[in-house]
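Produce the entire structure from the sequences given, and follow the hints as far as they go.
Sequence order for the protein chains is A and B.
Position one of the first sequence corresponds to residue 456 (this note's numbering), numbered consecutively onward.
Position one of the second sequence corresponds to residue 488 (this note's numbering), numbered consecutively onward.
FYI, nobody ran anything at the bench for these hints, they're computed from the structure.
The model shown is predicted, which means the values in this text are computed figures rather than measured ones.
One should not assume that every hint holds.
What the hints assert, rightly or not - Cβ pair distances, simulated, as ranges:
no., chain 1, residue 1, chain 2, residue 2, range
1, B, Arg-592, A, Ser-534, 28 to 38 Å
2, B, Asn-525, A, Thr-462, 17 to 27 Å
3, A, Thr-462, B, Glu-492, 26 to 36 Å
4, A, Gly-495, B, Gly-503, 29 to 39 Å
5, A, Ser-534, B, Ser-563, 44 to 54 Å
6, B, Gly-539, A, Asn-511, 20 to 30 Å
7, A, Arg-550, B, Ile-531, 13 to 23 Å
8, A, Ile-467, B, Glu-554, 44 to 54 Å
Where a beta carbon is used, it is the ideal one built from N, C-alpha and C, also for glycine.
Below are the chains, spelled out letter by letter.
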Amino acid sequence: KAGVTQTPRYLIKTRGQQVTLSCSPISGHRSVSWYQQTPGQGLQFLFEYFSETQRNKGNFPGRFSGRQFSNSRSEMNVSTLELGDSALYLCASHRQQLGRLAGYNEQFFGPGTRLTVL
Amino acid sequence: GIQVEQSPPDLILQEGANSTLRCNFSDSVNNLQWFHQNPWGQLINLFYIPSGTKQNGRLSATTVATERYSLLYISSSQTTDSGVYFCAVKSTGTASKLTFGTGTRLQVTL
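Structure, rendered in structure tokens:
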């Protein structure tokens, strides 16, 4: 079974540009979450999508947005890039449990996209 | 929101030694995972352990949910165990958001 895939793996952009990152979850997983990792702030939650709907959002400015498609693939977009947006962006997928198991779900991470803003 | 603390922040071991990494969390959880981050940044799943004890080879983990802590044991450490170990939790009622600790950086030397 293929794991979570993320493209591109590396990106270099300049301040003011925008960027789109892509994530394909494990087959059968309908939930996708995005995280940002920086040396100063560690791993922080960006947002989560389930069935094309954003279910939860972290404390990031509106320049960070995302979406999910009907095949569960997800994209995140960062507009008007700033130097501080340089980070490793990680995507995680999980099978959404229902009923009494809701909330119990092991998350699996992709290899990440390393974004450098110059 | 929930707070997650990991200790120690840094650990240096000789090959063959054993170690215990700790994760304390401030609220009840229904998901707790341990990860190993490799040098390329990928988070490798070690354990999904909201409660109880699990073992996988030289690694084992125990979560005592009522006392809000989890332990990761590494026995007979190898140089390939080097890297950063993260504990991540999901508190009840927060959809699927994982809150990560700051990690334990492990270096295993020959």
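Hints, verified against the model:
no.: 1; hint: Arg-592/B with Ser-534/A: 28 to 38 Å; in the structure: 34 Å, holds
no.: 2; hint: Asn-525/B with Thr-462/A: 17 to 27 Å; in the structure: 19 Å, holds
no.: 3; hint: Thr-462/A with Glu-492/B: 26 to 36 Å; in the structure: 34 Å, holds
no.: 4; hint: Gly-495/A with Gly-503/B: 29 to 39 Å; in the structure: 35 Å, holds
no.: 5; hint: Ser-534/A with Ser-563/B: 44 to 54 Å; in the structure: 49 Å, holds
no.: 6; hint: Gly-539/B with Asn-511/A: 20 to 30 Å; in the structure: 27 Å, holds
no.: 7; hint: Arg-550/A with Ile-531/B: 13 to 23 Å; in the structure: 19 Å, holds
no.: 8; hint: Ile-467/A with Glu-554/B: 44 to 54 Å; in the structure: 46 Å, holds
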